Structure formats: structure tokens, C-alpha cells
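**Q** Dock chain to chain to rebuild the complex, using the hints, since each chain is given by itself in its own frame.
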Amino acid sequence: MPLIKRDPPAASPASTVSTSVSRRLASESTSERWAAARAMVQEPGAVPLLAEALRTEQAPEVREALFTTLIRIHSVESATALAFMIRSDDAQLRTGALDALGGLMDVARPLLPDLLADKDPDVRLLACELVRRVDPEDGTRLLCGMLESETEANVCGAAVGVLSDIADDSAISVLERCATRFASDPYLGFAFADAIERASTRLAPDE
Amino acid sequence: MSPGEFQQLCDFFYRRTGMIFTEAKRYYVERRVLERMGAIGVSTFAQYFARLRMDTDGEIEQVVNAFTVNETYFYREDHQFRCLTTDLLRQRVAVKAPAESIRIWSVPCSTGEEPYSIAMWLLENWPEVDNHDIELVGSDIDTRVLRDAQVGIYGKRALMRLTPDLVERFFDKEGEDAFRLVADVRDSVGFTRVNMVEPDATRAQGVFDVIFCRNMLIYFDEESRRLAAENLYECLKPGGFICLGHTESMSRISSLFEVRRFADAIVYQRPLEVGRG
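For the protein sequence lines, the chains are A and B, in the order given.
Numbers 0 to 206, taken from numbering that gives the first Met the number 0, label the letters of the first sequence in order.
Numbers 0 to 276, taken from numbering that gives the first Met the number 0, label the letters of the second sequence in order.
Take the hints with a grain of salt, since some may be wrong.
DMTMM-like, lysine to aspartate or glutamate: derived pairs with alpha carbons at most 25 angstroms apart [to be verified]: (1) B:K172 with B:D147; (2) B:K236 with B:E127; (3) B:K24 with B:E221; (4) B:K24 with A:E147; (5) B:K236 with B:E222; (6) B:K236 with A:D105; (7) A:K118 with A:D89; (8) B:K236 with A:E147; (9) B:K95 with B:D263; (10) A:K118 with A:E147; (11) B:K172 with B:E70; (12) B:K24 with A:D105; (13) B:K24 with A:E136; (14) B:K95 with B:E123.
No wet-lab data here; the hints were simulated from the structure.
Keep in mind the model is a prediction, meaning the values are calculated, not measured.
With the rest of the complex left out, here is chain B (with noise of 0.2 angstroms):
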């Protein structure tokens, strides 16, 4: 790939994803490019970048899949579970018109290890789960990784935080390596694809009282990173709260949340609406 068309690639991805690569992750998108050459069946770029642009039989999609990265496992930065239901739910609950359901949102939420992990935190140490609906969003813009989070079925290495008792609570085992998350788990979890630098995308998915959207942000450039924040500000409800990854800083993307540190992590919120038009 030349250090032209390398640019082109770049320029239409970002334009596509916000996601930006510089020539320092050549050798990734160069690899990734060369599988979907491989895959489809072309043997030049030029071929290759006319049926991206075309968006021939879904190039666009399955090209975005091979980008993105889904390492993740149950129960990471369970810290921030903590929080949810030490300090984030009582506060949002106390705001909430009676049987209002309180709706939480994963995103990134990759093969679903995120929003199941927040399902069994809940279950498992919210003594009020039983007296509320509570709805869980995970979504994310690589549909391959919706339909593994839809089957539920994972390794050793995604349940390595999980105590045995969890696992024998919670998986039925599928084989040497598989495990399979129990169906009323799969089953309270929604999936949905997502583009976080689309508006209208975002804003299809309603509005949250707490969203998860941990190691995403990173892969923006300045611009995508604000317009995303921006998309994430509508899909949270006047007080909700927002985590972000341990490495991630809203307040050098945006200034549109508040700061509020707990005892277990440092979360964002949108501010409460008192007496604004």
C-alpha cells in the first residue's frame, strides 16, 4: 500500500468511524486490509477501495469488524460495579418516579462480557434488584462481535476473574474451553449496533441512567472524541453518570459533565436540569 492510498484508507475510515490511524499502525491496517483482500478476493488496493466505497455486499461492516478490538473479560475494572451499586443506582433511584425502570448501557459492550458482567454484579450484590426494572443496553459498531454477545458462549481466559462459585452459578459448561453464559442472563440483555460518532444512532437508543462506555474514546481523534461526547450527554438522563476506562479523562474531552468522585471510582455526571428553559 502506498503512503497515498494508505492516507485514502485512513481518511475513509475516519470519516465512516472516527477512528483514526496514523502511519505508526501501518502494519495493522495494512494486515487487516490484506485478510479482506484475501477474503473477498482481490488482488489489488485500487480494486479493494472501489468495492469499500461502493459498499459492496457490506465491505463497509466487515471491514470495521476487522478493525476493531475486543479483548475484554467478566468483571474488569469491577470497581466501577462497586460504585453502581454502592453509590450510582441509590442516587438515581431516588430521583425516579415510582416503577420508572432504570436503564444501563454498555458501549462498547464487544462479545458482551461488559453488560453480563453488570447483570451478575447486579444480581448478585444490589439487594434491590428485585424492586426494579431494570433495563441493560449493550451495544457496539461490529456486528460479528452483537452475534458471539448474543450466543454467550466464552473461554477460560473472559471468566479468569470470576470465583469458581460464580462460574458454577452462571455458566453451563460447553466443552474443554466453552462456557456458556445461563439463558436468563443472555436473555436480560438487549444488543444493538452503534455508531458513536452518529447522532441519530446514538440518540435511537433512548436515554440512560448509567452508561459504561470504557476504552473507546482512546481510539478517537479530538474531533470524533467531542462529537461522541456530545452523542453520549443526550443518551444520559438529567443526573445520570457516565464511566469511563481507568485511563480515560471526560474533562479533557468535554466540559459538558461534572466530576464526582466515590469511594470506588471517579465517574461523570450530566448535570441535574434545575430551572432551565
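If we strip away everything but chain A, and leave its shape as in the complex, we get (with noise of 0.2 angstroms):
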């Protein structure tokens, strides 16, 4: 019989979070800032320095260590951290940001308000897709508010999209304001035709 049966090998001794643990988040070997990411999420504090990390982090499984850190800590200061790297030019760290702030949508929802009113149109059309993972009908009112005032087509196009699947009938008459603005515009008129077709199919609550 060649199968063979072994105790498994001893535990490796527990995380013990120590102040060594920025300066390995900085060390040169990728396992060694692996496991500081990992283990910063019993450290106070810890936020400001897995952000730093993340900016110039370029392995990506350290990055995702990071980002998990971020959302394992759940706090309304891991979420700040991650919207603000919503700006990033580094479109991975963009991504993973919106991800992981995906992941912790109970601390981060009163951010939205900010993310989606903010003067950088790449950052309220990113903020669209975080509402998705709100409630409906708070996804609705946060973007119909934000339709209501919104210059930028792309940006536009996002809210549609995320309304045609989250919308119910009390965001029609938005809709069609809106629709009126951009008429010119052969996409948007479809995607709004299409997410008022789909919202009015959609009872709001207390009708």
C-alpha cells in the first residue's frame, strides 16, 4: 500500500503582530510582506500603513493580501483608505479598491454620497457599480439624485446600467428628465428607454 499516513506537520508558531511588522511590510522578500499583510489585521493603526503599502505594492498576491487586511479590519477608516485609491492612476489598484469596498458596503455606504457627487467624473462613474451592493431602493434614490445634476454622458451610462437592474417605478420620472438632457445621444437614448421599460415593471415599495 503506498498511501501512507503522517501526523501533520507542527503549527508554525501564531502571528504575533509586533512592531517589526511595518518594516517587514517593506522587506525585499514577497513571502515576508505576504504574511505582515496578512498579520497587520490585529495592529492599531494599521490602515495608513497597508494604503502606503498598496501604492507602491507590486506583487500581486501581496496586493490582494492588502486589500483583505483592508476589509478583515471593517471599519469606516479601511473604507476611506480604499474609496481614496478609487483615484488612483494604477488601474489595479483602482480595481481591487472597488472590490474590496464591495466586500464592507455596511461601513462604507456613507461614503457613496461623496464618491458619487466628487469632481473627477472617473470616480462618481467608478461609484456607480458600488451601488449596486446597497439596498435597491436606497441604490435608487443615491443615483437618481446624482442623474438629477449629472453633466457627464459616461458617468450617465453607468447610473443607467446599475438602474435598469436595480430601479423600481419611483425612478421613471428621473429617468425620463434625464433622457430629455441627453437626447442627442443614440447609446443613452437606448439605456434609458431600457431602464425605464425594466423600472416600470417594478413596484416601489409602498405603492
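**A** Following this line, the structure appears as C-alpha cells:
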């Protein structure tokens, strides 16, 4: 019988968070940085260090661990740090931050109004996707509020894409008004018509 | 159980295990809590929750055992076992030092059907089986199923996908609906308790060439799934493979693994570390 049974290896010592963690986070060794990123979940004051590390980290697995640790810290501070990364020119950092924010929407929800009103249209556009992660009624209110004054066609397109999936008939008047403002854009014309049609099949909760 | 009590219990359970229960599962949760309350003789939820928080007489382990789902059978999703012997082991053996053992992990292993199936499949279908030391480990969070796995007695239902010839050669009949796996195969699998959201517990298992982790991540929320994925990553040797259930996708959970498409299965691979620090 070639199959063998062996006791599992002895447990490695439990990770102890210490002052050396931040030094390990800057180590040249990928495995050291990975371990440090994971250990920081218990470190008070870890969020700024993790956010700073994310700005320079190139190893994909360490980035993943840094994001997961920010999710596990699960605080308004970690959500705020992630929201700031949505502005990054680094596409992987932006995408990772968006995914991570989606995982802690219970604490990130208060950040959405500011993100949807940000002066940078790219931030507003990306924030639309985050709205999928909140309650549909809440999400509909947030996006309708933004659409009333949104001037960027791409941002409206992103918002309408989300609204077509979540909105109820309370959104129809806003969608119709916004459609009028972009009447010359064939794509948006189609997107608004589709969202209105789909919203009309869903009744608002108080109806 | 009031809505507040239900939430309190779900929060406690989530923190301990990563498993998440919503209002949709209230009946399931209430039934099991009532069973536990009856078993230890308390009449109110407040009394029960106090015992749970204090872990009186190991109540946390008992309630975890009551909440886990353990329905499985031999040779379930055997296309992945075919992939194991056709492709995965060939690739792992190619990068191994001579005499280096092959480690395979089945987690969660429930009552042992999966790790024992792997053992049987290897003996039946891998011509190289005699040339290597193969270490099989089965792990679960539920200590009750681990005890059953070590005993190795199964009903007809668990054997439904095995041919009569396999049943004849690998099991001894012990009653009308009881078949005991032969000792050689039982002894080839080591069983350990593990909570997949506790990094120190998963690290203690060592590193593996292939991990079967089927139909577990679906019970976790996003945060716990990411944590479990990182723990699995740590438990894989570079170039090692992980097999998930057919409804699960690691790509939706984590970017740590590369998707590998083989003739018999789609699996996930920890990238080889080439020129890394």
C-alpha cells in the first residue's frame, strides 16, 4: 500500500503582531510582505501603513492580501482609505479597491454620496458600480439624486446601467428628465428607454 | 427567537466560523438551536447563548457540528479525480525531488467519503501509485463527522456511484445497510480538525500538492471567502492545484490563482514562483 499516513507538521507559531511588522511590510521578500500584510489585521493603526503599501506594492498576491486585510479591519477608516484609491491611475489598484469596498458596504455606505458627487467623473462612474451593493431602494435614491445634475454622458451611462437592474417605478420621472437632456446621444437614448421599461415592471415598496 | 436574538446568534456564528446565515435560513437555525437547547436542558435563548459564549462543556463545537451540512457520497464529481490522475499529478511529479511525498488535502472532508474516494481512485487508476509516497489528509470543522470518518462505516446511499466490483473489493458488509471500508484504505488517510477562516489552524496542516475544497466557500460571505482563499493559497505548494465544487469559481473570489483548463475539469493553480524575492 503506497498511501502513507503521517501526522500533520507541527503548527508554525501563531502570528504575533509586533513593531517589526511595518518593517516586514517593506521587506524585499515577497513571502515576508505577504505574511506581514496578513498579520496586520490585528495591528492598531494599520490602515495608513496598508494603504501606503498598496500604493507601491507590485506583487499581485501581496496586493490581494493587503486588500483583504483592509476588508477584515472592516472600519470606516479602512473603507475611506479604499475609497481614496479609486482615484489612482493604477487600474489594478482601482479595481482592487472597488472590489474590496464592495465587501464592506455596511461601513462604506456613508461614503457613497460624496463619491457620487466627486469632481472627478471617473470616480463618479466607478462609484455607480458600488451602488449595486446597497439595498435597491437606497441605491435607486442615490443614483436618481446624482442623475438630476450629472452632465457627463459616461457617468450617466454607468448610472443608468445600474438603475436598469435595481430601480423601481419611482425612478421613472428622473430617468425621463435625464433622457431629455441627452436626447442627441443614441446609446444613452437606448439605455434610458431600457431602464424606464424595466423600472416600470417593478413597483416601489409603498405602492 | 426574537429578530435581535437571531442576529446576535448569527453574528456570533459568523465570527467563529465565517459561515453566514440570513433571515432566509431562520427556520434552519432555529431548529438546530432548539435541538441544542433540548440536548443540554435549557429553556430560554438567553440561557443558551450565555452557555455558548462561555463555551460551557464545549458548546461551540457542538453547535458547529449541528450547523454543518454533511451530505456526500463516494466518487462524487469523479471527473476531478480523473483530472487528478491524468493531468495534475503528472505536473506535480515533474517538479518534485526524488522521494519527495505527494500531499493531497480534502477539506471539508465530512464523513470521509471524499478523501477515501481519492485513495481508492489512485489505487485503481494511477499506474504510478506504487512509485510515490502519497499522503492524504481529510479535515473538517465538525469533530463528529471526523469521528465517523475514522470509523469508516457507510450506508448504501453513500456507495451508489461505486461499481459492485469496487464495493466488493473495498468494503466489508457489516449489516443490511452498513459497509465498512477496508482497513488498508482507512489507515491511509489522516484526519484533522480545521477551521478554514483561522490562518494558524490552516498553516498547521502544512503545504499540499493538490487540495480538494468543494462546496465549502459557498457558505461564506465575501470577506470570509477571501480569507479562506488566502489560507488555501498558503497551504498550496507553488504550482499546486485546488479543485472547487462545480458551482464555485475562485476567479470571483480571489486573483491569487490561475485558472487551468484540463480535459476533465477546470481547476485553479498557485502560480510558480519564478525569480521572486
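**Q** Are the hints correct? Go through all of them and say.
**A** Here's how the hints hold up against the structure:
1. With a C-alpha separation of about 17 angstroms, the suggested pair K172 of chain B and D147 of chain B falls inside the 25 angstroms cut-off, and the hint holds.
2. Distance check on the hinted pair: K236 of chain B and E127 of chain B sit about 21 angstroms apart at the alpha-carbon level, within 25 angstroms; holds.
3. Under the criterion of a C-alpha separation no larger than 25 angstroms, the hint pairing K24 of chain B with E221 of chain B is consistent with the structure, at around 18 angstroms.
4. At most 25 angstroms may separate the alpha-carbon atoms for a hinted pair to count; K24 of chain B and E147 of chain A exceed this at roughly 39 angstroms.
5. Of the pairs offered as hints, the one joining K236 of chain B and E222 of chain B holds, with about 24 angstroms between alpha carbons and a cut-off of 25 angstroms not exceeded.
6. Distance check on the hinted pair: K236 of chain B and D105 of chain A sit about 36 angstroms apart at the alpha-carbon level, beyond 25 angstroms; violated.
7. This hinted pair checks out: K118 of chain A and D89 of chain A have alpha carbons roughly 19 angstroms apart, not beyond 25 angstroms.
8. Between K236 of chain B and E147 of chain A, the direct Cα distance comes to roughly 53 angstroms. Violation of the 25 angstroms bound is thereby established for this hinted pair.
9. Restraint check for K95 of chain B and D263 of chain B: satisfied, since their Cα atoms lie roughly 23 angstroms apart, inside the 25 angstroms limit.
10. A hinted pair counts as satisfied when its Cα atoms are at most 25 angstroms apart, and K118 of chain A with E147 of chain A qualifies at roughly 15 angstroms.
11. With a C-alpha separation of about 21 angstroms, the suggested pair K172 of chain B and E70 of chain B falls inside the 25 angstroms cut-off, and the hint holds.
12. Between K24 of chain B and D105 of chain A the alpha-carbon distance is near 21 angstroms, which keeps this suggested pair within the 25 angstroms criterion.
13. The suggested pairing of K24 of chain B with E136 of chain A holds, with an alpha-carbon distance near 23 angstroms, which does not exceed 25 angstroms.
14. Proximity of K95 of chain B to E123 of chain B is assessed by CA-CA distance (about 23 angstroms); at most 25 angstroms being required, the pair is judged to hold.
Against the hints set out earlier in the document, violations occur for numbers 4, 6 and 8.
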